[in-house]
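Based on the provided sequences and hints, a complete structural model is requested.
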Amino acid sequence: QKEVEQNSGPLSVPEGAIASLNCTYSDRVSQSFFWYRQYSGKSPELIMSIYSNGDKEDGRFTAQLNKASQYVSLLIRDSQPSDSATYLCAVKNQAGTALIFGKGTTLSVSS
Amino acid sequence: EPEVTQTPSHQVTQMGQEVILRCVPISNHLYFYWYRQILGQKVEFLVSFYNNEISEKSEIFDDQFSVERPDGSNFTLKIRSTKLEDSAMYFCASYGSYNSPLHFGNGTRLTVT
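Sequences listed follow chains A and B, in order. One rule links them: number in this note's numbering = place in the first sequence (from 1) + 2. One rule links them: number in this note's numbering = place in the second sequence (from 1) + 264.
Some clues are possibly wrong.
Claimed, not checked - Below 20 Å or equal to it, Euclidean Cα-Cα: the simulated DMTMM-like pairs (lysine to aspartate or glutamate) are:
no.	chain 1	residue 1	chain 2	residue 2
1	B	342	B	320
2	A	4	B	308
3	B	306	A	29
4	B	347	B	335
5	A	69	A	5
6	A	44	B	308
7	B	306	B	265
8	B	321	A	5
9	A	105	B	327
10	A	105	B	350
11	B	306	B	317
12	A	44	B	265
13	A	4	B	349
14	B	306	A	47
15	A	69	A	17
16	B	306	A	59
17	A	105	B	265
18	B	306	A	7
19	A	105	A	57
To be verified - Pair by pair, the computed Cβ-Cβ distance ranges are:
no.	chain 1	residue 1	chain 2	residue 2	range
20	B	347	A	71	37 to 45 Å
21	B	317	A	10	32 to 40 Å
22	B	271	A	79	36 to 44 Å
23	B	317	A	19	21 to 29 Å
24	A	84	B	344	15 to 23 Å
25	A	68	B	347	40 to 48 Å
26	B	271	A	33	38 to 46 Å
What the hints assert, rightly or not - Some chain B residues close to chain A (C-beta under 8 Å, calculated; not the full set):
no.	residue
27	297
28	307
29	312
30	314
31	347
32	348
33	352
34	355
35	363
36	365
37	369
38	370
Hints listed in this document are in silico derivations from the structure and should not be mistaken for laboratory results. No residue lacks a Cβ here, since even glycine has one placed at the ideal position from N, Cα and C.
Pasting the structure below:
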């Protein structure tokens, strides 16, 4: 059974701070990793994808992947109130065709 | 930007009735998916569809569920004899190539009374 684990939160940070979101996965052969943002009542929206060990930066977002530790994280710099949402970690392995999602971490950014 | 379109946005049905949820994936995409999300819970994979057949399905996708691509654009999820626990948001998603990201539609909220 493929599992993706996230702390459900809520994670509360003040405006302008760095928010750090973490995710672990159980399937060692996983190859593709994604972070989605979901506002309440809305569909998941892709923020970042990462496929190789190390860091990948896109604007205020940095995804970090460590396959040996089966760990992927998302850093949000200069957090804004509009970043308040649930952040979903999703993993796809080499053999499967489906994304498996974690439960998500709820982020609250206070102004 | 092209998007995945789902109809209806909200469907209310009585227990035991059949419902069909409809999706129009992005036009050049080849892989199609249905996910569901029960209120307050995680996004759960139901089924994937490629080359006009199911490529993978989860334990949730039992005999009461079926999928179809009746023409070149639509992708449907049918739930026969709905149960109260089928109440959820159902998301259609698609992508064009194997490692590209999944694009989600806005979802259909299914309420079974």
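Against the structure, the hints:
1. A C-alpha spacing of about 17 Å is found between residue 342 of chain B and residue 320 of chain B, which places the hinted pair at or below 20 Å, so the restraint holds.
2. This hinted pair checks out: residue 4 of chain A and residue 308 of chain B have alpha carbons roughly 12 Å apart, not beyond 20 Å.
3. Restraint check: the Cα-Cα separation between residue 306 of chain B and residue 29 of chain A comes to about 18 Å, which is no more than 20 Å; the hinted pair holds.
4. As the CA atoms of residue 347 of chain B and residue 335 of chain B are separated by approximately 28 Å, the hinted pair breaks the 20 Å bound.
5. Of the pairs offered as hints, the one joining residue 69 of chain A and residue 5 of chain A holds, with about 15 Å between alpha carbons and a cut-off of 20 Å not exceeded.
6. Taking the CA atoms of residue 44 of chain A and residue 308 of chain B, the gap is about 15 Å. The hint holds against a cut of 20 Å.
7. In summary, the hint linking residue 306 of chain B to residue 265 of chain B is not supported, as the alpha carbons are separated by about 27 Å, beyond the 20 Å threshold.
8. Restraint check for residue 321 of chain B and residue 5 of chain A: the C-alpha separation of about 16 Å stays at or below 20 Å, so the hint holds.
9. Restraint check: the Cα-Cα separation between residue 105 of chain A and residue 327 of chain B comes to about 26 Å, which exceeds 20 Å; the hinted pair is violated.
10. For the hint pairing residue 105 of chain A with residue 350 of chain B, the CA-to-CA distance comes to about 19 Å; that is within 20 Å, so the pair holds.
11. The straight-line distance between the Cα atoms of residue 306 of chain B and residue 317 of chain B is roughly 26 Å, outside the 20 Å bound, and the hint therefore fails.
12. With a C-alpha separation of about 18 Å, the suggested pairing of residue 44 of chain A with residue 265 of chain B holds against the 20 Å cut-off.
13. Between the alpha carbons of residue 4 of chain A and residue 349 of chain B the distance comes to roughly 23 Å, so the proposed pair goes past 20 Å and is violated.
14. About 14 Å separates the Cα atoms of residue 306 of chain B and residue 47 of chain A, which keeps this hinted pair within 20 Å; it holds.
15. Our distance criterion of 20 Å between C-alpha atoms is broken by residue 69 of chain A and residue 17 of chain A, whose separation comes to about 31 Å.
16. Simply put, residue 306 of chain B and residue 59 of chain A have alpha-carbon atoms about 26 Å apart, too far for the 20 Å limit, and the pair is violated.
17. A C-alpha spacing of about 28 Å is found between residue 105 of chain A and residue 265 of chain B, which places the hinted pair above 20 Å, so the restraint is violated.
18. At most 20 Å may separate the alpha-carbon atoms for a hinted pair to count; residue 306 of chain B and residue 7 of chain A meet this at roughly 11 Å.
19. Restraint check: the Cα-Cα separation between residue 105 of chain A and residue 57 of chain A comes to about 23 Å, which exceeds 20 Å; the hinted pair is violated.
20. For residue 347 of chain B paired with residue 71 of chain A, a C-beta distance near 41 Å keeps the hint of 37 to 45 Å intact.
21. Checking the proposed 32 to 40 Å range against residue 317 of chain B and residue 10 of chain A shows it holds: the Cβ atoms sit about 36 Å from each other.
22. A C-beta distance of roughly 38 Å is found between residue 271 of chain B and residue 79 of chain A, which places it inside the suggested range of 36 to 44 Å.
23. Remark: the range hint 21 to 29 Å for residue 317 of chain B to residue 19 of chain A is contradicted by a beta-carbon distance near 48 Å.
24. Evaluation of the 15 to 23 Å hint for residue 84 of chain A and residue 344 of chain B yields a failure: the beta carbon distance comes to about 41 Å.
25. The hinted window of 40 to 48 Å between residue 68 of chain A and residue 347 of chain B holds, with their beta carbons roughly 41 Å apart.
26. With their beta carbons about 34 Å apart, residue 271 of chain B and residue 33 of chain A fall outside the hinted range of 38 to 46 Å.
27. Hint status for residue 297 of chain B: holds, given a least beta-carbon distance of 7 Å to chain A, under 8 Å.
28. At its closest, the beta carbon of residue 307 of chain B sits 4 Å from a beta carbon of chain A; the interface hint therefore holds under the 8 Å criterion.
29. Because the closest C-beta pair between residue 312 of chain B and chain A is about 5 Å apart, less than 8 Å, the hint holds.
30. Below 8 Å, beta-carbon pairs count as interface contacts, and residue 314 of chain B has one with chain A at about 7 Å; its hint therefore holds.
31. A hinted interface residue such as residue 347 of chain B counts as satisfied when its beta carbon comes closer than 8 Å to some beta carbon of chain A; here the least separation is about 23 Å, so the hint is violated.
32. Among the interface hints, the one on residue 348 of chain B is violated; its C-beta lies about 20 Å from the nearest C-beta in chain A, farther than the 8 Å criterion.
33. Interface hint status for residue 352 of chain B: violated, as the beta-carbon distance to the closest one in chain A is roughly 13 Å, over 8 Å.
34. For residue 355 of chain B, the shortest C-beta to C-beta distance to chain A is roughly 6 Å, which falls under 8 Å, so the interface hint holds.
35. Taken as an interface hint, residue 363 of chain B checks out: its beta carbon lies about 6 Å from the nearest beta carbon of chain A, inside 8 Å.
36. Evaluation of the residue 365 of chain B hint against chain A yields a held restraint, the C-beta minimum of about 5 Å falling below 8 Å.
37. Annotation: residue 369 of chain B was flagged as interfacial toward chain A, and the flag holds, the nearest CB pair being 6 Å apart, inside 8 Å.
38. Given the 8 Å rule on beta carbons, the hint for residue 370 of chain B holds: about 5 Å separates it from the nearest Cβ of chain A.
Going down the numbered hints, you'll see the structure goes against 4, 7, 9, 11, 13, 15, 16, 17, 19, 23, 24, 26, 31, 32 and 33, while the others check out.
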